[in-house]
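The listed protein sequences derive, respectively, from chains A and B.
Number 180 marks the last residue of the first sequence (this note's numbering); no jumps.
Number 180 marks the last residue of the second sequence (this note's numbering); no jumps.
Any given hint could be a false lead.
In this list, chains with the same sequence are indistinguishable; a pair is considered to hold if it fits within one copy or across any two.
Said to hold, decoys possible - With a cut-off of at most 20 Å between alpha-carbon atoms, the simulated EDC-like pairs for lysine to aspartate or glutamate come out as follows:
1) Lys15 - Glu129
2) Lys61 - Glu131
3) Lys90 - Glu64
4) Lys61 - Asp72
5) Lys15 - Glu170
Worth flagging that the hints you see were computed from the coordinates, not collected in a lab.
Number of protein chains: 2
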Amino acid sequence: MPSSTGSLFEHLRHKPPAQLAAPRELILACPEFRSRVNLSNIVRTCGCFGIQRVVACGSGKLDERVARDGADAVRIEVHRSLPPVLDRLKREGWQLVGLEQATHSENLFSFKFVSRTVLVIGNERLGIEPEVLARLDRVAEIPMAGLPHSLNAATSTALAIYEYCRQFPEGGDGRPGAKP
Amino acid sequence: MPSSTGSLFEHLRHKPPAQLAAPRELILACPEFRSRVNLSNIVRTCGCFGIQRVVACGSGKLDERVARDGADAVRIEVHRSLPPVLDRLKREGWQLVGLEQATHSENLFSFKFVSRTVLVIGNERLGIEPEVLARLDRVAEIPMAGLPHSLNAATSTALAIYEYCRQFPEGGDGRPGAKP
């Protein structure tokens with residue numbers, strides 16, 4: 001029914017979110033970032049997509065003006081470094097997927113995620129460190145087609161989160177993360 | 001060939017971007033944002049994906065520390081308001097797609113873009129204004145599954161850009177944007 005402006009479309013403010021059929025099975029694993037804004041932005045995005053668990057290094061402190069209610073909706077687990085927690089998650093059946101420009105990386109446009117995935121992010125400047133790269137099962141890469149050839153860290157993380165959620169729109173499928 | 005760390009994956013710095021087979025046929029149309037950082041972030045993302053044209057309202061000024069080389073790679077056309085330029089683009093055969101939570105919006109996860117698309121963004125606080133909504137052919141919506149129920153404006157824009165580029169990984173197909 002068109003509105004008084006003759007438009008089919010009317011802005012819906014505070015639309016209630018969709019209910020997932022099952023909890024998300026995506027964990028974010030973040031290095032110590034240079035910028036607290038990036039971690040905070042990532043946490044906001046996680047909250048919006050129903051992702052509940054972020055492993056972070058460094059202080060793990062958020063700017064709540066950026067993270068918004070994501071700061072309450074998402075559990076932040078702070079670790080000194082990623083390798084021990086990644087080793088444990090791998091033993092528990094999670095597939096470790098890095099987001100990076102790397103040898104043997106797969107194009108995110110056609111990347112097929114498994115449900116139980118740990119998405120591993122790199123530092124803004126340094127990328128994913130070699131000790132972490134060595135532990136990954138797979139690496140996804142966002143294809144760049146122009147300058148500056150490099151997305152903001154929180155933006156690229158959001159794109160990988162989006163692609164995962166697009167493949168599991170109703171939440172996790174409960175199956176262990178098999179090796180590809 | 002595994003590296004000295006035993007890893008299949010090695011970080012590739014400054015990897016050359018992919019060459020698109022044809023120019024992108026996506027135009028961004030942005031309102032006057034509250035934050036210059038948001039427009040700058042969007043321009044950086046556009047540059048990375050090979051998108052060359054952004055219509056902006058307000059000052060159209062960028063923070064070049066945020067936009068990076070996107071500030072040079074992307075053409076910013078500043079207009080006083082969006083309706084006249086949207087009317088013109090529509091006459092030229094572009095499909096006008098809003099990104100908004102609205103009545104009759106379609107889930108971005110399953111949204112099928114046409115190549116010649118103008119992606120219309122809303123203001124951070126106010127969303128897409130009614131005079132603009134009334135001109136749109138379609139509205140895409142990113143499904144929210146948790147708090148804060150609302151993504152950052154530059155993040156949500158990046159997700160829609162990503163979804164478009166995923167559907168046209170080689171660039172535009174040169175066909176006019178038919179009505180759905």
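A quick look at each hint next to the structure:
In this homomeric assembly, lysine 15 and glutamate 129 come within 20 Å of each other (Cα to Cα) only across copies, at 17 Å, whereas the closest approach inside a single copy is 40 Å. When the C-alpha separation of lysine 61 and glutamate 131 is checked against a cutoff of 20 Å, the pair qualifies neither within a copy, at 24 Å, nor between copies, at 41 Å. Taking CA atoms no more than 20 Å apart as the test, lysine 90 paired with glutamate 64 passes in neither setting, with 31 Å inside one copy and 40 Å between copies. When the C-alpha separation of lysine 61 and aspartate 72 is checked against a cutoff of 20 Å, the pair qualifies only within one copy, where the shortest distance is 12 Å, while the shortest distance between copies is 34 Å.
Taking identical chains as interchangeable, the C-alpha atoms of lysine 15 and glutamate 170 lie at most 20 Å apart only when both belong to the same chain, with a minimum of 18 Å there against 35 Å between chains.
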